[in-house]
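Trainee: If you want the building blocks of each chain, they are given just below.
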Amino acid sequence: MIDAPTPDALEAHIGDLRAAVRRAIASGDREAARVLRSRLRQAEEAWDRAVLGSPGPPEEAPRGLVPVREQVHQALTLLEVPAAPRLISSVYAAFFPGEIPNARLTSLRRDEERSFRTAPYARPFYLCAALTADLLSPARGLLTVSTWPAARRVVGPLSARTDFLTAAIRLAEHAGRGETGDPGVQRLLWRFAANIPGAAEGSVGTVDPAVLAGAARAELDVHQEADRRERDRAAERALARLDDAGRLFGNRLRAVRRAAGESDTEIER
Amino acid sequence: MMHDSDMQRLRGGATPRNHDARTIAALTANPGCARRGVMDAAGVDKDAVARRLGFPAPFGQSQFAITRGNAFEAQVKADGCAELLTLLRDRLGLDVPEVAYDDLEVVGGNESREVRHARTRRLVERALGGEGTLFDHPLLRLEIAGQTAYLEPDVIAFQLGGRFHIIEIKSFAVIDGQAEPEQVAAAARQSAVYVLALRRLLEELGADPGRVSHEVFLVCPENFSNRPAATPLDVRPQLAVLERQLARLTRVDQIVGGLPDDLTFDLEDAALPEAVRTVDARYAPECMATCEMAFFCRDEARACGATATLGKAVRDDLGGVDAIGTALALADGSLTPSADLAETAERLRTAARLRREALAAATAAGGPATAESAYAVIPATA
Chain A
0 MIDAPTPDAL EAHIGDLRAA VRRAIASGDR EAARVLRSRL RQAEEAWDRA
50 VLGSPGPPEE APRGLVPVRE QVHQALTLLE VPAAPRLISS VYAAFFPGEI
100 PNARLTSLRR DEERSFRTAP YARPFYLCAA LTADLLSPAR GLLTVSTWPA
150 ARRVVGPLSA RTDFLTAAIR LAEHAGRGET GDPGVQRLLW RFAANIPGAA
200 EGSVGTVDPA VLAGAARAEL DVHQEADRRE RDRAAERALA RLDDAGRLFG
250 NRLRAVRRAA GESDTEIER
Chain B
0 MMHDSDMQRL RGGATPRNHD ARTIAALTAN PGCARRGVMD AAGVDKDAVA
50 RRLGFPAPFG QSQFAITRGN AFEAQVKADG CAELLTLLRD RLGLDVPEVA
100 YDDLEVVGGN ESREVRHART RRLVERALGG EGTLFDHPLL RLEIAGQTAY
150 LEPDVIAFQL GGRFHIIEIK SFAVIDGQAE PEQVAAAARQ SAVYVLALRR
200 LLEELGADPG RVSHEVFLVC PENFSNRPAA TPLDVRPQLA VLERQLARLT
250 RVDQIVGGLP DDLTFDLEDA ALPEAVRTVD ARYAPECMAT CEMAFFCRDE
300 ARACGATATL GKAVRDDLGG VDAIGTALAL ADGSLTPSAD LAETAERLRT
350 AARLRREALA AATAAGGPAT AESAYAVIPA TA
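Residue numbers (numbering that gives the first Met the number 0), protein chains in the order written: chain A, 0 to 268; chain B, 0 to 381.
Looking at chain A on its own, in the form it has when it is part of the complex:
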C-alpha cells in the first residue's frame, strides 16, 4: 500500500510506476504489468485525494474483478450454444455488468488448451472449441464449455442456424424475465429479430421478447430434427475416436498441413 504524504513525493512515485509498467510490458511480463498498473492506480487516487480533496462517489464494480474466462462462461451458460467471441461479448455487455476485453478473447482458447494439456481436469470447466461434425476438428471462431454434452459441442451444416435460433430463444426468455426496455438488450435482440421471419412485427428496432421467442421456435422446428441427428452421430464418433483433449479441443490435420506447407512455400498472396 502506498501512503506518500506530499503531492510531490506522490508524483515522483507515479512517474516511477509508469516507467515500471512500460518496462514490464516491453519485456512481455503481463502479470507484473497488471500488478504495477493497479499500484499506479492506487497512487493516482492517493494523489487525487491529496490534491483535489475528498474522494468522489465510489466507482461501480471495479473492472477486471471477474476473470475473462468466468465472464465468457457466464455468457455461454446463458446462451447454451456454441458462440462466436463477438456474440459472447455483446451478450455479456447487455446482461452483465462490465465488458469483456476483446483482445483477451482471441488467445483464450489456446490458453485453455495449454492449461488442460498440462494438468487435465484441474479446473471445474474449460472453455473449448466446437468440433465440426465431419472432421471433428475445431470449428473456426466458436467457443463452448467443456461441461456441455458432446452433441451440443459438435456443429454440423445446419447447426449455425439452429444455434442462432436457440440463442434467440434463450436471450428472449432471459430478457422477458427482467428489464426489456434496456437499449443494450433491445439492440441485441434486434440483431436476432431482424433475421428471423416473423420476429420483427413491431416498429423498427423494438422487439417483443415473446414474439421473438415464438418466431424462433417456429423456424427451429423446421431444422431441429435433422440437425440433432447429425450432431448425435458426430458426437458418438468423437467419443469413440478421440482422446480427452481431442474431444475438447478438436482433432487437427497436422501432418497434412506440414506436407502441404512444403509445396506451398513459394506462394504468397
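None of these hints come from the bench; they were simulated from the model.
It should be emphasised that the depicted structure is a prediction, and the values quoted were computed from it without experimental measurement.
Just to be clear, a hint being listed does not mean it is correct.
Said to hold, decoys possible - Counterexamples of contact, computed for chain B against chain A with all Cβ distances above 10 Å: (1) Ala56; (2) Asp102; (3) Lys311; (4) Thr349.
Claimed, not checked - To give an idea of the chain B side of the interface with chain A (calculated C-beta under 8 Å), a few residues: (5) Asp78; (6) Ala81; (7) Thr85; (8) Val95; (9) Tyr100; (10) Glu104; (11) Gly107; (12) Pro231; (13) Leu232; (14) Leu340.
Stated by the list, open to error - Pulled from the structure, derived: some chain B residues nowhere near chain A, Cβ distances all over 12 Å: (15) Ser4; (16) Pro30; (17) Glu202; (18) Thr289.
In this text, a Cβ means the ideal position worked out from N, Cα and C, and glycines have one as well.
Assemble the complex: chain A is given as a structure, and chain B must be docked to it using the hints.
Mentor: Same frame as chain A, but now just chain B:
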C-alpha cells in the same frame, strides 16, 4: 502452348507469380496489350519489374478499404450468414429449410490450398445431389496458360432452385438503386472469373456446367446504412470476354515466337528496360487502375507523344495517327496526309478551324478565352 523453358527464361529463373481473380479480371480490361499478355503468361512479377525500372506502382488497395470490406463481410456472414439468409429469403425466395452453412476457410484447422480445394470439390459434388446451401470461402481452381490459379470467391456459392450462384460481398454503397458503374463493372468481371472456375469444376465432376448461373448476386450496403442489399448481376458479357481472353492467352506463344530468343525479364539484368520495351504495350489511362506496369508504360507513351495517353476515345477517333505531334501537324496543314489518313486529317483540320474561330470570337467578345470553352467544341465535331 508456350514452352516451359521459354517461360522460365522470361522470368529470369524467378518463381512464377500466381494469378488471382483480380489479375485474371484485369486481363480482360486491355486485351490488346502484348506486354501484359507475355508477362502475365510467363508469371513475371510485374510489380518487382516496375520497381526495378524506377516506376513503382504506389497503389495497392487502401488499408481502410480492406478493413471496411472485411468488417462488412463479417457482418453479413455473422451467425451462420444470418443477414445473408434473410436477404436471400426476402428477395430471392430461398426456402426456409435451406439454411445449411459450410465453412471452407479452414479445413480441420488447416488452411492449405490443396486441402481446401479438395474439400470444396467434395462439397460441390455433394451439393449436386441437393445437399448444402451456403459455402463460405470455397477455393476454386482455374488453369491460366498452364498455371494453376487458386480463386477464393470472396464469398459463397449457394444453391437456389438447383443452380449455383456466386455471391459477391462488396462494401461500396448502392444508393437509391445506383452504385458507381466502375466498381460494379469490376465486381462483375471478378465474379465472372468465379463463375467460370465453378463451371470448370462442374465439368470436371461430369456435371452440366450450365448449373452455375450466369447471374451473380452483389451484396452491398444499402443507401447510407450498413444494411445489406442484394442486386442480381448478369455477367454473360464479362464471361464471353473472359473466355475469349483465356483462349487468346494460350496463343501468347505466337507473340513470344516473334521476340528475340534471348529475351529475359531477369531483375538483375542491366538490359531490363530494353527487354521490356521490346514487347509492345498498349497503354491507356485505364491501365493505371489495373496494371503494375502502368507508370512505366505511361512514361513511355508520353515520351513518344502517343495519342493513347489522351484516352481510349481519342486514340480510336484518331485511328492510324499514333503520335500527338503528327495529329497537330495534320491539323495545321504542315503535314500532307497519305490517302488512308485523308479523312482523319480533314476532321482534324475542321476541329482546328473551329477552335480558332471559337477563340477569336471569345477574344472579340471580350470574354475570357478559356481553353475549356474552345476544346468543348472539338468532341462534337471531330
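Trainee: Confirm or reject each hint.
Mentor: Going through the hints against the structure:
1. Ala56: holds (17 Å)
2. Asp102: violated (6 Å)
3. Lys311: holds (31 Å)
4. Thr349: Given a closest Cβ separation of 52 Å, the condition holds.
5. Asp78: holds (5 Å)
6. Ala81: Hint holds; Ala81 of chain B Cβ to chain A Cβ min 4 Å, cut 8 Å.
7. Thr85: Since the shortest Cβ distance to chain A is 4 Å, the answer is holds.
8. Val95: Status holds, d = 6 Å.
9. Tyr100: holds (4 Å)
10. Glu104: holds (6 Å)
11. Gly107: Holds, because the Cβ-Cβ distance from Gly107 of chain B to chain A comes to roughly 4 Å (cut-off 8 Å).
12. Pro231: violated (21 Å)
13. Leu232: violated (23 Å)
14. Leu340: With a closest approach of 48 Å, the Leu340 of chain B hint is violated.
15. Ser4: holds (18 Å)
16. Pro30: holds (25 Å)
17. Glu202: holds (25 Å)
18. Thr289: It holds; Thr289 of chain B is separated from chain A by about 17 Å at its closest Cβ, greater than 12 Å.
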